[in-house]
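Colleague: Quick note, the sequences are listed as chains P and W, same order.
So the first sequence is numbered by the working numbering: it starts at 1 and just counts up by one.
So the second sequence is numbered by the working numbering: it starts at 1 and just counts up by one.
Worth flagging that the hints you see were computed from the coordinates, not collected in a lab.
Every clue listed holds true.
Think about it this way: if two alpha-carbon atoms lie no more than 30 Å apart in a straight line, the pair counts; the simulated DSBU-like pairs of lysine-lysine are: (1) P:LYS212 / W:LYS118; (2) W:LYS18 / W:LYS88; (3) P:LYS375 / W:LYS148; (4) P:LYS375 / W:LYS132; (5) W:LYS58 / W:LYS88; (6) W:LYS38 / P:LYS473; (7) P:LYS40 / W:LYS38; (8) W:LYS38 / W:LYS118; (9) P:LYS457 / W:LYS38; (10) W:LYS38 / P:LYS458; (11) W:LYS118 / P:LYS470; (12) P:LYS266 / P:LYS252; (13) P:LYS40 / W:LYS66; (14) W:LYS118 / P:LYS375; (15) P:LYS470 / W:LYS38; (16) P:LYS473 / W:LYS118; (17) W:LYS148 / W:LYS132; (18) P:LYS92 / P:LYS272; (19) P:LYS92 / P:LYS470; (20) P:LYS158 / P:LYS92; (21) P:LYS92 / P:LYS457; (22) P:LYS272 / P:LYS252; (23) W:LYS33 / P:LYS473.
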Amino acid sequence: MNPSIPPSTAEYGGDEVSAIVLDPGFSTVRAGFAGEDTPKSLIPSYYGKYTYEGEEKIIFGDDIYVTPRPGLSIHNPMGRDGIVEDWDMAEKVWEYSFTSRLTGSKPGNPLQNGLNDALPDGELPTEMEGIEAEEKPLADSPLLMTESGWNPSKAREKTIEIAMENWGSPAFYLGRNGVLAAFASGKASALVIDVGASNISVTPVHDGMILKRGVQHSPLGGDYISSQIRALFKANSPQPITITPHYLISSKTSVDAGQPPQAVYKTFAPEKAPHESYRALLEERTLSEFKECVVQVWPGPNRLTATGPNGIPNEEIARSSPGRPFEFPDGYNQVFGVERYRVVESLFDAKAHIPDSESPFPAPTPAQTLPELIKSALNGVDVDIRPHLLANVVVTGASSLLYGFTDRLNQELLQNFPSPRVRISAPGNTTERRFGSWVGASILASLGSFHQMWISKKEYEEHGPSIVDKRCK
Amino acid sequence: MSLNSGVSINDECVTSYKEFSLSRGKTKYMIFKLSDDKSEIVIDESGGEKDYEVFRNKLCDAKDSKGRPAPRYAVYDVEYELGGGEGKRNKIIFISWVPEESDRMLRMIYASTREGLKTALGPAASIHADEKGDIEWNTVLYEASGGKAGK
Chain P
1 MNPSIPPSTA EYGGDEVSAI VLDPGFSTVR AGFAGEDTPK SLIPSYYGKY TYEGEEKIIF
61 GDDIYVTPRP GLSIHNPMGR DGIVEDWDMA EKVWEYSFTS RLTGSKPGNP LQNGLNDALP
121 DGELPTEMEG IEAEEKPLAD SPLLMTESGW NPSKAREKTI EIAMENWGSP AFYLGRNGVL
181 AAFASGKASA LVIDVGASNI SVTPVHDGMI LKRGVQHSPL GGDYISSQIR ALFKANSPQP
241 ITITPHYLIS SKTSVDAGQP PQAVYKTFAP EKAPHESYRA LLEERTLSEF KECVVQVWPG
301 PNRLTATGPN GIPNEEIARS SPGRPFEFPD GYNQVFGVER YRVVESLFDA KAHIPDSESP
361 FPAPTPAQTL PELIKSALNG VDVDIRPHLL ANVVVTGASS LLYGFTDRLN QELLQNFPSP
421 RVRISAPGNT TERRFGSWVG ASILASLGSF HQMWISKKEY EEHGPSIVDK RCK
Chain W
1 MSLNSGVSIN DECVTSYKEF SLSRGKTKYM IFKLSDDKSE IVIDESGGEK DYEVFRNKLC
61 DAKDSKGRPA PRYAVYDVEY ELGGGEGKRN KIIFISWVPE ESDRMLRMIY ASTREGLKTA
121 LGPAASIHAD EKGDIEWNTV LYEASGGKAG K
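Make the full structure from the sequences, and use the hints.
Modeller: Pasting the structure below:
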């Protein structure tokens with residue numbers, strides 16, 4: 001099926017149109033047509049910048065990975081806390097996510113855009129206003145966007161402003177990630193644990209509303225885990241491991257495990273080399289693979305550093321399980337044993353943090369670990385609803401797919417909240433786990449009945465951007 | 001207004017619920033479902049069987065058009081003894097039944113419509129279930145009585 005043909009399931013104001021669902025994260029932006037199972041467009045939130053013949057060029061999407069252009073630097077419009085910092089660029093990145101795969105660029109109506117009119121000699125079309133209005137990228141599409149539970153009012157207002165004024169969307173709604181993920185699991189009340197790239201968050205949702213006083217988040221997300229893996233590589237024996245991305249390797253020879261790599265490297269003259277942020281971006285890809293193939297969460301019970309009931313330290317048990325091999329782009333390969341547990345242990349136990357003086361992440365405080373975030377979240381809500389939340393723990397976010405994560409979470413919950421009714425609901429389907437809130441938003445926006453929720457352009461024009469706080473609670 | 005599906009509640013749900021709450025146990029339960037066109041919540045069935053298990057089995061056996069387990073809402077008239085000779089009480093409990101094996105779209109719609117229906121009916125207590133074991137009689141008794149009976 002052609003990806004640019006929208007499904008004709010949604011209705012708005014009686015007309016068949018497809019709403020667009022846009023779920024921007026720190027690491028990726030997910031965009032797609034409402035009613036579909038998965039977002040058709042999945043692009044990095046990062047963009048690249050370089051200068052070519054004196055002109056500044058900006059590139060988006062997967063193009064940022066492809067060519068190591070001279071001076072190419074990589075940026076992210078989002079701050080580490082998941083709030084937009086650079087609005088101009090956030091708008092451009094998000095716009096790329098739907099114009100590249102979903103809507104295409106909008107040509108004006110060929111009957112009215114003047115290009116096909118027979119012109120009297122020497123006269124050029126002067127009416128340009130109508131053409132511009134037609135060219136806004138979302139002129140035909142209602143837009144449902146998602147946001148974190150701690151997105152400030154100012155950012156919400158800026159978002160609706162972009163959607164309405166710059167993209168020309170006829171209708172808009174902003175939904176909280178936590179509520180959408182809870183709904184997608186069939187629950188109106190839930191404790192939503194979202195493990196993303198830049199944050200882990202715990203969001204209590206009750207009767208379809210976020211309980212703001214309970215929302216907790218900390219920076220121990222996927223990127224923090226990457227920094228822990230880097231720290232592990234530096235301290236590796238017999239030798240530290242350097243990640244050399246593919247673009248710096250012209251050929252490699254297979255070597256035995258633990259032996260120095262034998263690769264032929266590409267070199268770039270300083271004026272031809274991309275910025276170090278480009279290398280960091282590509283190293284991150286290798287680290288992602290490492291997380292998927294090697295890293296494992298100690299399943300519990302108790303911490304990795306604790307001693308089990310029969311006097312054997314948990315580390316010993318972890319050591320006795322078979323290691324996992326990993327080959328780096330330069331051919332270096334090694335089997336990772338108990339270390340593969342250590343790189344994620346600090347999500348649960350701050351003392352297990354692997355120190356690295358060069359890491360941009362400071363050592364976590366105990367309050368930032370997941371068990372403590374959950375405790376604080378529950379302490380922030382009414383006593384009566386705590387059991388209901390614990391019976392409906394929803395796990396979402398790509399980094400929650402770390403091997404063994406939900407087992408450990410279950411153990412931590414059982415230890416901290418002894419109750420017969422603690423239950424985790426984590427979709428086994430990786431698409432649903434990675435795109436939980438997108439999937440929820442996609443279903444909602446496809447419902448005919450949802451039309452009464454949309455903020456229409458007219459309402460926006462009457463009330464201004466502040467309408468978003470009144471309508472999207 | 002918080003985020004919700006916008007699915008409407010058929011007037012009959014509310015009028016019949018009023019009659020049900022005044023029927024003093026003649027009707028023991030009502031089951032509600034999403035209409036086939038997914039636009040509104042309608043009454044699926046109601047009954048007067050005194051045996052809770054008859055109701056629980058009916059609720060948990062609900063199927064969608066493809067024969068898969070389907071979500072439902074229900075209200076049940078819970079009767080309990082206060083103990084100490086204080087006599088019997090009746091409380092209506094609202095149940096949302098959303099089994100994990102049900103269709104993803106239905107799960108989403110039932111979750112995002114729950115609050116609208118609950119508010120329209122105004123029952124004394126509510127409980128959510130995704131497994132049959134979540135609505136054992138004792139659990140329902142406990143929730144409906146606010147902890148005064150059951151468990």
